[in-house]
Amino acid sequence: EPEVTQTPSHQVTQMGQEVILRCVPISNHLYFYWYRQILGQKVEFLVSFYNNEISEKSEIFDDQFSVERPDGSNFTLKIRSTKLEDSAMYFCASTWAPNTEAFFGQGTRLTVV
Amino acid sequence: GNSVTQMEGPVTLSEEAFLTINCTYTATGYPSLFWYVQYPGEGLQLLLKATKADDKGSNKGFEATYRKETTSFHLEKGSVQVSDSAVYFCALIMTTGANNLFFGTGTRLTVIP
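Taken in sequence, the protein lines are chains E and Z. Position 68, counted from 1, in the first sequence is what the numbering used here calls 68; the numbers after and before it change by one each time, with no gaps. In the numbering used here, each residue's number is its place in the second sequence (first place is 1) plus 113.
I should point out that these hints are in silico values taken from the structure, not numbers from a laboratory. Quick reminder that beta carbons are idealized off the backbone N, C-alpha and C, glycines included. Worth double-checking, as some hints may not be accurate.
Simulated DEER-style distance windows between Cβ atoms [stated by the list, open to error]: (1) E:LYS78 x Z:THR183: 31 to 37 Å; (2) Z:ASP167 x E:VAL12: 37 to 43 Å; (3) Z:VAL195 x E:GLU1: 32 to 38 Å; (4) Z:GLU189 x E:ILE38: 39 to 45 Å; (5) E:GLU1 x Z:THR208: 36 to 42 Å.
Straight-line distance between alpha carbons at most 20 Å, and here's what the computed EDC-like set of lysine to aspartate or glutamate pairs gives [stated by the list, open to error]: (6) E:LYS78 x E:GLU101; (7) Z:LYS173 x Z:GLU155; (8) Z:LYS173 x E:GLU44; (9) Z:LYS169 x E:ASP62; (10) Z:LYS165 x E:GLU44; (11) E:LYS42 x Z:GLU155; (12) E:LYS42 x E:GLU53; (13) E:LYS42 x Z:GLU121; (14) E:LYS78 x E:GLU44.
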C-alpha cells in the first residue's frame, strides 16, 4: 500500500541552527501538507502546497519556515533558525484532492536544545 | 471558527470492555469528520470517516455516527483488544474553503489483558 515517508524520524538540533525535514508524499497525490504537534497539545496545521506553490498557511508558518518541492518526489520543510518552542512532532501529509482525508507520514520528532 | 473538542485521556480499559471516546465539533459550514489513530512508533492513520449528517463510519470494529443535531462524532467499539492501544484523534475538514484538518487533542487508550 502506498504511504507517505518522512526522514529523519528524530532530529536534535541546537537553537539557531537550520533544519530541513524531508517527506516523500504518495506518488499520485497533488496536495501536500505539514502539521505539527507540540507535546501534549493539538495537531496544528502549518501549510498546504499545490501546483508548486503555497495554497494556505497558518499564522504559525512565519518567515522562519519555508517549503519546497525540489524534485518530483520530495517535499521539504525548512526552519531557518530554530527556537526552543519549535520542538515538536512534525507530520507530512498528502491528498489526491482538496478537502478530503489526508494520508500522513510517521512524523519527525524535532528537539531543539 | 472551526474546532474539535475531544475527551481528555488517558483511558485505561480491560480487554473486551466497551469503549467510547467523545468528540464534539464547531464548524462554520459543513464538515467531513474523521477519526485518526496513532499506534506506538507510527504515523497518523485514518481509522474511519463520515462526510454528511447521519452517516456512520466503521472500520476494524470501531464506529462513529455523524450527529449534526448534537455536533458530535463519538467513537465506539464494543469489545476492545490489547492491540487497540493507541492514541485516537478526532478531526474535521470543511467540504469547501479551507483545505486543512482541525484536530482534537488526542486520547490515549491503553487496553490491559
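The hints, checked one at a time:
1. LYS78 of chain E and THR183 of chain Z have their C-beta atoms about 43 Å apart, which leaves the hinted 31 to 37 Å range violated.
2. The hint said 37 to 43 Å for the Cβ distance between ASP167 of chain Z and VAL12 of chain E, and at roughly 48 Å that hint is violated.
3. Taken as a hint, the range 32 to 38 Å is violated for the pair VAL195 of chain Z and GLU1 of chain E, whose Cβ atoms sit roughly 24 Å apart.
4. The supplied range of 39 to 45 Å is broken by GLU189 of chain Z and ILE38 of chain E, whose beta-carbon atoms lie about 29 Å from each other.
5. Taken as a hint, the range 36 to 42 Å is violated for the pair GLU1 of chain E and THR208 of chain Z, whose Cβ atoms sit roughly 26 Å apart.
6. With a C-alpha separation of about 25 Å, the suggested pair LYS78 of chain E and GLU101 of chain E falls outside the 20 Å cut-off, and the hint is violated.
7. The hinted pair formed by LYS173 of chain Z and GLU155 of chain Z meets the criterion: a straight-line CA distance of about 18 Å does not exceed 20 Å.
8. For the given pair, LYS173 of chain Z sits about 27 Å from GLU44 of chain E by alpha-carbon distance, which is inconsistent with the 20 Å threshold.
9. Distance hint between LYS169 of chain Z and ASP62 of chain E is unfulfilled; the C-alpha atoms sit about 39 Å from each other, more than 20 Å.
10. As the CA atoms of LYS165 of chain Z and GLU44 of chain E are separated by approximately 24 Å, the hinted pair breaks the 20 Å bound.
11. Between LYS42 of chain E and GLU155 of chain Z the CA atoms are separated by roughly 17 Å; this keeps the pair inside 20 Å, and the hint holds.
12. Between LYS42 of chain E and GLU53 of chain E, the direct Cα distance comes to roughly 26 Å. Violation of the 20 Å bound is thereby established for this hinted pair.
13. For the given pair, LYS42 of chain E sits about 12 Å from GLU121 of chain Z by alpha-carbon distance, which is consistent with the 20 Å threshold.
14. Annotation: proposed proximity of LYS78 of chain E to GLU44 of chain E holds, straight-line Cα distance about 17 Å (limit 20 Å).
Checked against the numbered hints given earlier, this structure breaks hints 1, 2, 3, 4, 5, 6, 8, 9, 10, 12; the rest are met.
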